[in-house]
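Engineer: So the chains spell out like this:
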Amino acid sequence: MRYHRARFVAGFLALPVLLYVVYVIAPYAQAFYIAMTNWRGVSATPQFIGLENFRRLLDDSVFWRAVAHNGVLLVLMPVLTIGIALFFAFLLNVGGTSGVAGIRGARFYRVVFFFPQVLAVAIVAVLFQQVFQPRGNGMLNSVVTALGLEPIGFLSNPDIALWSVLGVLVWQAVGFYVVLFSAGMASIPRDMFEAASIDGAGRVQLFFRVTLPLLWDTIQVGWVYLGIAALDVFAVVWVMTAEHGGPDSSTTVMAAEIYRNAFQYFRFGYASAMGVVLFFFTVGFAVVALRLSRRERVEF
Amino acid sequence: MANTPLTRRELLRSAALAGMLLPAAGALSACATPAGDSGASQAPTAGATSAANPLGIPQDKPLEIVIFDGGLGEKYATDIHEPLFKSKHTGVEIKHSATKEIAKTLQPRFASGNPPEFVNNSGANAMDLGALAQDGQLYDLTALLDAPSWDDPNVKVRDTILPSAIELGTYGGTFNVLPYCNTVWGIWYSKKLFDEEGWQVPKTWAEFTGLLDTIKKQGRMAPFTYAGKHPFYIYETILTLAAKIGGVEVLKNIDNLQPGAWNAEPVITSATAWQEIGAKYLMEGTTGLDHIQTQLAHNKGQVAMLPNGSWVENEQKDTTPEGFTYAMFPLPDFTSSDAMPYGTVHSRPGEDYFVSAKSANPLAGVEYMRAMLSKDAAGRFMELVSTPTIVKGAGDGRRLTPGLESVAAALQQAGTNTTFFRFRQWYLPMHDEVAAATGQLMSGRLTPKQWADRIEKKAAEIKGDSSIVKFTRT
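Chains as they are written, first to last, in this note's numbering: chain A, 20 to 319; chain B, 50 to 523.
Fair warning: there could be bad hints in the mix.
Said to hold, decoys possible - Have a look at the derived ranges for each label pair, beta carbon to beta carbon:
hint: 1; chain 1: B; residue 1: 205; chain 2: A; residue 2: 80; range: 48 to 54 angstroms
hint: 2; chain 1: B; residue 1: 514; chain 2: A; residue 2: 95; range: 33 to 39 angstroms
hint: 3; chain 1: A; residue 1: 134; chain 2: B; residue 2: 388; range: 55 to 61 angstroms
Honestly, the hints are just simulated from the structure, not real lab data.
Every residue gets a Cβ at the ideal spot worked out from N, C-alpha and C, and that includes glycine.
Put together the whole structure using the sequences plus the hints.
Structural biologist: Given below as structure tokens:
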């Protein structure tokens, strides 16, 4: 019987594992190999050059700027997104005056918050190009000029552009995490909130003493997702910013540099080397994040 | 009997195992890394030649055409070039396709040794010609130049086109890319507006800045703009003025990655002059706008002038108001002692076409080019897409749009006083660096000297990089 079950399970697993090996593992392995060649994408016989690409990568100042931008996003995007999402989710679920129900119109807001998630990233990027229009008639700049200020170059000022990108990323991500955290909160037994508020806990205490500890697992998952998303940022930067990651490389990220080197400069070998570095950054981040956020689980 | 289920199980297991391994092996070899097939070199399978078929192309093999569906669209191919080709080669089946993503569509086909015969390599996602040339993927087009022209068997194709097209289509010593259009750059304006306001086309730098001042004072529109998100539009202007001040050598040194080429005095002078224009006369928000947005502002009368190439009239044909009357003027004289006279323009054959050396039927691709270079094809192309070609006299007797007419007049006036630069096609990373630095120059974050030093650094880096194939021009 046991033997039959094993065979049954293996039968079901074979196909997905096969697909995974062919379409995920094999290309990864190939990327490691291509990273050690000078392949330019069209030749049938790439030349093996060992670690030369990685040595060049060390001196590539634009790539390290990209890494730094990913670093900034890695820290700020999860913090801001989770912070805002938690705040909204709390208001929607237990933020009402009674302390155990959401504020009025919670259902409506939940749908509205989710909207950005439904839009394709490229559409979001094009949309925000209009929002960030540098002239006085731009959506944000019409407000700025109405306040009597000079129009702001949201995407054309290299000191501001990265913050504009961060804003768009957070705007797009928040909705999903509001829903995720709402689901998490909904699974926390109501009586806990009731008991706490009978004991005189205010909304702030409810949030920090009850909601946050009981939601920790969900937040941790969200953290890892957002961290990986921050390392993988591409479409928003590529479509929205000037010079694909500009002006003057001020918003570029690793994925954009990989794309540029592969599909614009036709340096597939070099781009693969960047990809390998990004791979290790991502894996490293996931390991570190899971280690750091390991914490006593509250059973309920 | 007792054995039967076991054997069946074994059979199933080995079948499953084989099923797992075989497709995996097959899929692996068909993946990103190119497999085998390195040698298939140029082998012109010429058949019998005749007056109607001087290249001797096979009449029974298909010809695949891939067109870049950009500013020029694909109609010119389906409505003009392909029917003309078919008129002489009825038996050849044409497989036409058009894409906005040339590289993404075709790169895998080159890597797997199955490229289409004829490629219009253009657009932001074009394939790197340097890389293709390096790999022997481009068919040698010398045969095209020496073939009799489509119109007159006594004249060679070589003598019907601009000589600069041959220079620009030569990669690594061989003519293997056909730049079909002839792009001309200048400052574009609405002739109607200029006539109404009584503004004269400026011929000297003082007249130019005077005109900018007049427009600025009037306050109804901004005097000047450029596609700020794509600083190529303004670095083109900076380099053309530099060449006008210092001569063609200035740009040759830049293309040849000569140390000090960017710090040469004419380049610095020109950069300083345009930076000043940028500081004083630009339309608000210019650095954050792209070519479409600035051209639209131009059409709407929010700005008076912008630097652009001869494609602009066609690109804007849907938004240009009635009677706008596009026209362009060449860069004004900077001083009376400019190395090149008034009327000098940046004119450069562009819009690249090539035949794949490793395709099944390359000769048909060459023959298709021969058809494209006929006066009839080039003239109708010019009318349809408002873009001049490298075919001499193709526009004669054609009804041209006002912008195109002013381009033709500018070319005529320029005569041999034309300039161009090639590093944009040769060293794309350098183009990106010049664009990024120029954006910073125009917004005042870099001084002309810092700008030049930055680009010098990149030029030196490329020069010292043994993995990049170098090109030179003389």
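Engineer: Against this structure, judge whether each hint is valid.
Structural biologist: How the hints compare with the structure:
no. : hint                              : verdict
1   : B:205 / A:80: 48 to 54 angstroms  : holds, 50 angstroms
2   : B:514 / A:95: 33 to 39 angstroms  : holds, 35 angstroms
3   : A:134 / B:388: 55 to 61 angstroms : holds, 60 angstroms
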